[in-house]
Amino acid sequence: MTRMSYREAMRQAHREALAADPRVFLMGEDVGLYGGTYAVTKGLLDEFGPQRVRDTPLSELAFVGAGVGAALGGMRPIVEVMTVNFSLLALDAIVNTAALYRHMSGGQFPVPLVIRMATGAGRQVAAQHSHSFENWYASIPGIRVLAPGTVADARDMLVPALAHPDPVVIFEHAQLYNMEGEVPEERSADIRSAAVRRPGSMVSLVTYGGSLPKTLEAAEALAAEGIDAEVVDLRVLRPLDMDTVLASARKCRRVVVVDETWRSGSLAAEVMARIAESAFYDLDAPLARVCTEEVPIPYAKHLEDAALPQPAKIVAAARTLLGRSR
Amino acid sequence: MIAVAPPPSGPVPYAKDQALALLRDMVRIRRFEEKCAEMYGAGKIRGFLHLYIGEEAVAVGALHALRPEDNIVATYREHGHALVRGVPMDSIMAEMYGKREGCSRGRGGSMHLFDAKTRLYGGNAIVGGGLPISVGLALADAMQGVSRVTACFFGEGAMAEGAFHESMNLAALWKLPVLFCCENNLYAMGTALARSESQTDLCVKAASYGVPTLRADGQDVVAVREAALGAQEHVRSGHGPFFVEFQTYRYRAHSMFDPDLYRDKGEVEAWKTRGPLHTFTARLKAEGKLTEEEFLALDREADAEVERAAAFAEAGTPEPTEDLARDLCAPEGAR
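Listed in order, the protein sequences are those of chains A and B.
The opening residue of the first sequence carries number 1 in the working numbering; numbering runs sequentially from there.
The opening residue of the second sequence carries number 1 in the working numbering; numbering runs sequentially from there.
Calculated from the structure, these hints are not laboratory results.
Note that the structure is a prediction, hence the values are computed from the model and not measured.
Please note: incorrect hints may appear among the correct ones.
Stated by the list, open to error - Lysine to any residue pairs mimicking SDA-like chemistry, simulated, CA-CA at most 20 angstroms apart:
{"no.": "1", "chain 1": "B", "residue 1": "Lys175", "chain 2": "A", "residue 2": "Arg324"}
{"no.": "2", "chain 1": "B", "residue 1": "Lys272", "chain 2": "B", "residue 2": "Ser198"}
{"no.": "3", "chain 1": "B", "residue 1": "Lys99", "chain 2": "A", "residue 2": "Arg52"}
{"no.": "4", "chain 1": "B", "residue 1": "Lys99", "chain 2": "A", "residue 2": "Val196"}
Said to hold, decoys possible - For the chain B half of the interface with chain A, some residues (derived, Cβ under 8 angstroms), not all of them:
{"no.": "5", "residue": "Lys99"}
{"no.": "6", "residue": "Thr118"}
{"no.": "7", "residue": "Ala160"}
{"no.": "8", "residue": "Gly162"}
{"no.": "9", "residue": "Leu170"}
{"no.": "10", "residue": "Ala188"}
{"no.": "11", "residue": "Asp260"}
{"no.": "12", "residue": "Leu261"}
To be verified - If we take Cβ atoms under 10 angstroms as the criterion, some of the chain B residues that face chain A in the derived model are:
{"no.": "13", "residue": "Ala5"}
{"no.": "14", "residue": "Leu186"}
{"no.": "15", "residue": "Met189"}
{"no.": "16", "residue": "Pro318"}
{"no.": "17", "residue": "Pro320"}
{"no.": "18", "residue": "Glu322"}
We put the CB at the ideal spot given by N, CA and C, even for glycine.
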């Protein structure tokens, strides 16, 4: 086991991917000389040179679209779109091109492209820098959506994403970069399954990405009250691994879905709908969710905290399902 | 009404065979699209259908200046590009009919003709959508040391899109081998150039990125080919992108749904005096490179090819609905 930060794990994944395959290159805003907005790509320019670590102009539409073209042309690009907020400027390239080309060309033009972006709130950077739109991307057929929520996944998901023949969008919650954790020597190549991060029996807490540490914290608090919670990390937001989710739902008979996207049309809504479709009669309580309040994320800390899913809200939701009060 | 220049004239600097090859492709496009319009009326072709009639010299002249190994990125008005590129007419018509034998397996239709074999990276139905893709294709070639030109076709309407400016900048900044081919037919759907652009000199806009530019008469297949030849030579020899504006005109409405109320009928008629087929035919005849019999034979061949394509499409098979999600993603475990 080695201890490292999520950021270092990501960097190591990039270094290994660039070293292993000459078709792999990285491009995005300030990924080179600056070292990456979140310092993920620091040092890679020196190591791999400006051909393979390319600083781009502030042209999200063009450089994401160019990533699509380069993938069509035989390369394996990693395009970093700084944050999900700016990915809105590149939606045409992602939604209308990357996601459609294999199907719309009758199978002739797959797009083996990896797009990475930071997501989420919690750092007092206000409404335009705090979005979570994983649910939008996860609703689009033709792309795979990953959300590494642990240090090991930060290290291990990039390489299989690059080997995947279709576009993969990777969401990295900005609050996770400083998180430290132990990573095993052996690598996982799993970009298909959800993972049970904490086994339990009384309530299933289903979450992903930046909400995972909060949910694990909530599970500890619940344990102190005698509530044995299971925590399921979705990891892969499209296609959803419902086998793992349904097994947990059937075992615990109560489910809270924790998701930082806005409540309406949230990813939580989709997960809940699928549980209701398949495991309704196995449940002992209505499905519950903890999402972001439907307001633009405010700057002031107490307001931002109030808007986002927090361990206390998760604990309260679980208690309600179990008929406990405080 | 926009002023119209005199019809293209002057000597055709090509041997007879080469000149006839250009004419043949223009006639093939014209006859193919006339059939498409007929079959649209008959309900065999549905959805959007954008005809290239009047603009044939652009695709023919430009693509005859390129090489088989080059990449082509086109727009939703791309039947002509696909035909000239060598995509079989059968498979194009079958695509329009929504059949499995279509070049996009019935998934694309008129606006999304794809063909890996001839490196046709699609018709794209988002105005400007092809521009960033062409930059990426050229980037891949540059990084892999492949000598190839990526020709990107787009209308003047796309030059109001951010995608155009971002793509020009990136291609010029990284000196990528992109040949930007602007098909300026003067109308972005129903909006005339002067009603949508503060700067109507398109070459001035492109030149602001430090990209060399050229303007050519898009109704003259010779002028188009000569402009494209020079431009592709610049791009191919590693000097970075080049921008060519082909000034042309579409004789039909924007699409089959367009009542065409925004143009002066006199303007359309005036542009028809500059028709790329009849003016080129007249020049070849005047130079003794074409007889009426030869023209009629060539026209009959095109008609016969079109009839065969329509019969092929009619006999084509519908994709089974069980295969609806075919080619959405790679099969599990594929590399």
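Point to revise | Hint numbers not upheld by this structure, sorted from lowest to highest | key: 1, 2, 3, 4, 5, 6, 7, 10, 11, 12, 13, 14, 15, 16, 17 and 18
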